[in-house]
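Just need the whole structure built from these sequences, with the hints factored in.
Here are the chains, one letter per residue:
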Amino acid sequence: MTIANEGSSIMADDHTHNEPPSDTAMRVKALETLLTEKGLLDPAAIDALVETYETRIGPRNGARVVARAWTDPDYRQRLLEDGTKAIAELGFSGVQGEDMVVVENTGDVHNMVVCTLCSCYPWPTLGLPPIWFKSAPYRARAVIDPRGVLKEFGVELSEDVELRVWDSNAELRYLVLPQRPAGTEGMSEDELAELVSRDSMIGTALADAPAG
Amino acid sequence: MPALTPEIVPGLVAGGASCRMDAEIAPRFKVGDRVTARIVNPMSHTRLPRYIRGKTGTVARDHGVFALPDSSVCGVHSDPQHVYSVRFEADHLWGEHANANSSLYIDLFDVYIDPA
Chain G
2 MTIANEGSSI
12 MADDHTHNEP
22 PSDTAMRVKA
32 LETLLTEKGL
42 LDPAAIDALV
52 ETYETRIGPR
62 NGARVVARAW
72 TDPDYRQRLL
82 EDGTKAIAEL
92 GFSGVQGEDM
102 VVVENTGDVH
112 NMVVCTLCSC
122 YPWPTLGLPP
132 IWFKSAPYRA
142 RAVIDPRGVL
152 KEFGVELSED
162 VELRVWDSNA
172 ELRYLVLPQR
182 PAGTEGMSED
192 ELAELVSRDS
202 MIGTALADAP
212 AG
Chain B
1222 MPALTPEIVP
1232 GLVAGGASCR
1242 MDAEIAPRFK
1252 VGDRVTARIV
1262 NPMSHTRLPR
1272 YIRGKTGTVA
1282 RDHGVFALPD
1292 SSVCGVHSDP
1302 QHVYSVRFEA
1312 DHLWGEHANA
1322 NSSLYIDLFD
1332 VYIDPA
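As you go down the protein sequences, you meet chains G and B in turn. Sequential numbering of the first sequence, starting at 2, is according to the working numbering. Sequential numbering of the second sequence, starting at 1222, is according to the working numbering.
Because the hints were derived from the structure by calculation, they are not lab data. Errors might be hidden in some of the hints.
To be verified - Restricting the straight-line Cα-Cα distance to at most 20 Å, the calculated cross-link-like pairs of lysine to any residue (SDA-like) are:
no.: 1; chain 1: B; residue 1: 1276; chain 2: G; residue 2: 118
no.: 2; chain 1: G; residue 1: 39; chain 2: B; residue 2: 1223
no.: 3; chain 1: G; residue 1: 86; chain 2: B; residue 2: 1243
no.: 4; chain 1: G; residue 1: 30; chain 2: G; residue 2: 51
no.: 5; chain 1: G; residue 1: 86; chain 2: B; residue 2: 1237
no.: 6; chain 1: G; residue 1: 86; chain 2: G; residue 2: 96
no.: 7; chain 1: B; residue 1: 1251; chain 2: B; residue 2: 1276
no.: 8; chain 1: G; residue 1: 86; chain 2: B; residue 2: 1286
Said to hold, decoys possible - In silico contact screen, one side only, chain B against chain G (beta carbon under 8 Å); selected entries:
no.: 9; residue: 1226
no.: 10; residue: 1235
no.: 11; residue: 1296
no.: 12; residue: 1299
Here a beta-carbon is modelled for each residue, glycine too, at the ideal position from N, C-alpha and C.
Here it is as structure tokens:
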């Protein structure tokens, strides 16, 4: 009977067949199951964490920091002197942002951040790192050939501009303060924040030019 | 009661856990000092990447005192060290293949470096 049932189940099986889950997905599922069965984890906590980083914590937070620094010279000063404290003023503190350093792009210096050892990243201001930030090619090439990497991101940096690469290998987390684009005089803080992309705060992009 | 519940997630996320330590330790180096990263090959955890070992750079900033992760992972929960931002010139790290006008800043624990 069982075999017959299985047979009929296969015959009736008209759903789309997917590839089996990846090794990583299987390992994550196994860990989650184990932690739950041992009573260490309420699976609803995972949902709460995912929801937090999908809806509340992400690069729009960092954009607020940048827009404030562009419009308030005293804030910019505080931000460059003590990033952690100045970012906390706007409420963006927490896990993986405990000790922050903000580095400023100018006409003479462009900054770019990488974690060559793993994927260290300032979560409270930028959210979780994009896949490419964690990839071996970015981690290797960002230190050896940063100008080449920048070019692939669409940024042609003049050799007159010093390129500083920051390897966030230890306990400090880095946020790039991009240059305020030309033609944004008179724009409000909210409007300016719209020009600040995630990548511009990693240093693999410039802030967007104002629309038209 | 599980250790991780939805109720504690907001506090956990907002609080974090800094590895900065209050210990009063005199820094061995100051901004401008030339330092060379040690050539070591530990079998356990380290935050000293291979591409920096044996290279000489300049202390750019003293970040203060942090717990050394190399010790923390071995169960030693208090090995406070100064962490310095050290600047290395790209041509010193990468030779003829280095990008022009480029530098690399990396955070090095006191135990990773010696006077150059």
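Hint check results:
1. The straight-line distance between the Cα atoms of residue 1276 of chain B and residue 118 of chain G is roughly 17 Å, inside the 20 Å bound, and the hint therefore holds.
2. Taken as a hint, the residue 39 of chain G and residue 1223 of chain B pair is honoured in the structure, with Cα atoms around 9 Å apart against an allowance of 20 Å.
3. Only pairs whose Cα atoms come within 20 Å are accepted, and residue 86 of chain G paired with residue 1243 of chain B is accepted, the gap being roughly 17 Å.
4. Distance restraint check for residue 30 of chain G and residue 51 of chain G: the Cα-Cα separation of roughly 15 Å lies within the 20 Å cut-off, and the hinted pair is therefore satisfied.
5. Distance check on the hinted pair: residue 86 of chain G and residue 1237 of chain B sit about 14 Å apart at the alpha-carbon level, within 20 Å; holds.
6. Among the hinted pairs, residue 86 of chain G with residue 96 of chain G is consistent with the structure: their alpha-carbon atoms are about 14 Å apart, no more than 20 Å.
7. Distance check on the hinted pair: residue 1251 of chain B and residue 1276 of chain B sit about 18 Å apart at the alpha-carbon level, within 20 Å; holds.
8. For the hint linking residue 86 of chain G to residue 1286 of chain B, the alpha-carbon distance of about 17 Å falls within 20 Å, and the restraint holds.
9. Checking residue 1226 of chain B against chain G by beta carbon gives a least distance of about 5 Å; that is within 8 Å, so the hint holds.
10. About 5 Å separates the beta-carbon of residue 1235 of chain B from the nearest beta-carbon of chain G, less than 8 Å, and the hint is met.
11. Hint status for residue 1296 of chain B relative to chain G: violated, with the closest Cβ pair at about 18 Å, above 8 Å.
12. This hint is violated: residue 1299 of chain B has a C-beta 15 Å from the nearest C-beta of chain G, more than the 8 Å allowed.
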